Amino acid sequence: MALIDTDGGFRVSRRIYHDPEIHRRELDSIFKKSWFFVGHVSEIPEPGDYVTRPLGVDPVIVNRDRDGRVHVMLNSCSHRGVKLCRSGRGNTKAHRCSYHGWAYGLDGACRAVTYEKEVYGPDLDKSRFNLRSARVETLHGLIFATWDHRGPSLSDTLGHMTYYLDALFGKFDNGFEVMGSPVRTRIAANWKAETENLSGDGYHTMITHET
Numbered sequence: 572m573a574l575i576d577t578d579g580g581f582r583v584s585r586r587i588y589h590d591p592e593i594h595r596r597e598l599d600s601i602f603k604k605s606w607f608f609v610g611h612v613s614e615i616p617e618p619g620d621y622v623t624r625p626l627g628v629d630p631v632i633v634n635r636d637r638d639g640r641v642h643v644m645l646n647s648c649s650h651r652g653v654k655l656c657r658s659g660r661g662n663t664k665a666h667r668c669s670y671h672g673w674a675y676g677l678d679g680a681c682r683a684v685t686y687e688k689e690v691y692g693p694d695l696d697k698s699r700f701n702l703r704s705a706r707v708e709t710l711h712g713l714i715f716a717t718w719d720h721r722g723p724s725l726s727d728t729l730g731h732m733t734y735y736l737d738a739l740f741g742k743f744d745n746g747f748e749v750m751g752s753p754v755r756t757r758i759a760a761n762w763k764a765e766t767e768n769l770s771g772d773g774y775h776t777m778i779t780h781e782t
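Mapping of the sequence shown onto the numbering used here: residues 572 to 782, in sequence order.
Any given hint could turn out to be false.
What the hints assert, rightly or not - Label-pair restraints from in silico Cβ distances:
hint	residue 1	residue 2	range
1	Glu767	Ser658	29 to 37 Å
2	Lys603	Thr776	26 to 34 Å
3	His589	Arg721	31 to 39 Å
4	Val583	Glu687	52 to 60 Å
5	His589	Ser770	16 to 24 Å
6	Gly741	Pro616	17 to 25 Å
7	Glu748	Arg721	27 to 35 Å
8	Arg657	Glu748	48 to 56 Å
9	Val583	Asp727	22 to 30 Å
10	Thr776	Tyr670	46 to 54 Å
11	Ser726	Lys688	21 to 29 Å
12	His780	Phe608	20 to 28 Å
13	Ile778	Ala680	48 to 56 Å
Rather than coming from a laboratory, the hints here were simulated on the basis of the structure.
What you are looking at is a predicted structure, and each value in this text was computed from that prediction instead of being measured.
A virtual CB, placed ideally from N, CA and C, is assigned to each residue, including glycine.
Please put together the full structure from these sequences, using the hints given.
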């Protein structure tokens, strides 16, 4: 996970937590290619239901279309980049931009352009402006997404971790249901500091969480 000193010790360079170049490389090599948990199917039970979440560092819309399929799309109008959904959750027939009124279907397809013929003429190919869509897979109701459409499947990526997800979420036929809205906290820190604290640093729990 980190740049490790090779002089015989086990020291991690502080640069991994504040070097902009390392962060840029991580965005390309990790965040653009990894699977991320973005929600649970119980949060969007009905057609048109949506929630807004981060996919890595990108804001996305997680919604269910009229056929019951789950889609994860960049929460940004393909015209001028304005955020489409500003609320955390809701139900809609389409996602309409508040700037120029472009509208997108629940599958992310560009459906309507305001004054299309008057502004762009008769030959505008709206399919060129579909929302950027992520690859989506689910496991026990958990929704995962990635921008990498050619990379390993979710199953191949999880590997032996699937066993633990099966044990946690596969116990009941009806699965689990998310109640209420998630609690969101913005932390002014490099993502690795929080990840290492939660996933691998049990050493601190005896002191920090003593009470």
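Results for each hint:
1. Glu767 <-> Ser658: 29 to 37 Å: Holds: the Cβ-Cβ distance is about 33 Å, inside 29 to 37 Å.
2. Lys603 <-> Thr776: 26 to 34 Å: holds (33 Å)
3. His589 <-> Arg721: 31 to 39 Å: Hint holds: Cβ distance 32 Å, inside 31 to 39 Å.
4. Val583 <-> Glu687: 52 to 60 Å: holds (55 Å)
5. His589 <-> Ser770: 16 to 24 Å: holds (20 Å)
6. Gly741 <-> Pro616: 17 to 25 Å: Because 20 Å falls inside the window, the suggested range holds.
7. Glu748 <-> Arg721: 27 to 35 Å: holds (33 Å)
8. Arg657 <-> Glu748: 48 to 56 Å: With a Cβ separation near 26 Å, Arg657 and Glu748 fall outside 48 to 56 Å, so the hint is violated.
9. Val583 <-> Asp727: 22 to 30 Å: holds (29 Å)
10. Thr776 <-> Tyr670: 46 to 54 Å: holds (48 Å)
11. Ser726 <-> Lys688: 21 to 29 Å: violated (47 Å)
12. His780 <-> Phe608: 20 to 28 Å: holds (24 Å)
13. Ile778 <-> Ala680: 48 to 56 Å: holds (53 Å)
Violated hints for the displayed structure, listed by number in ascending order: 8, 11.
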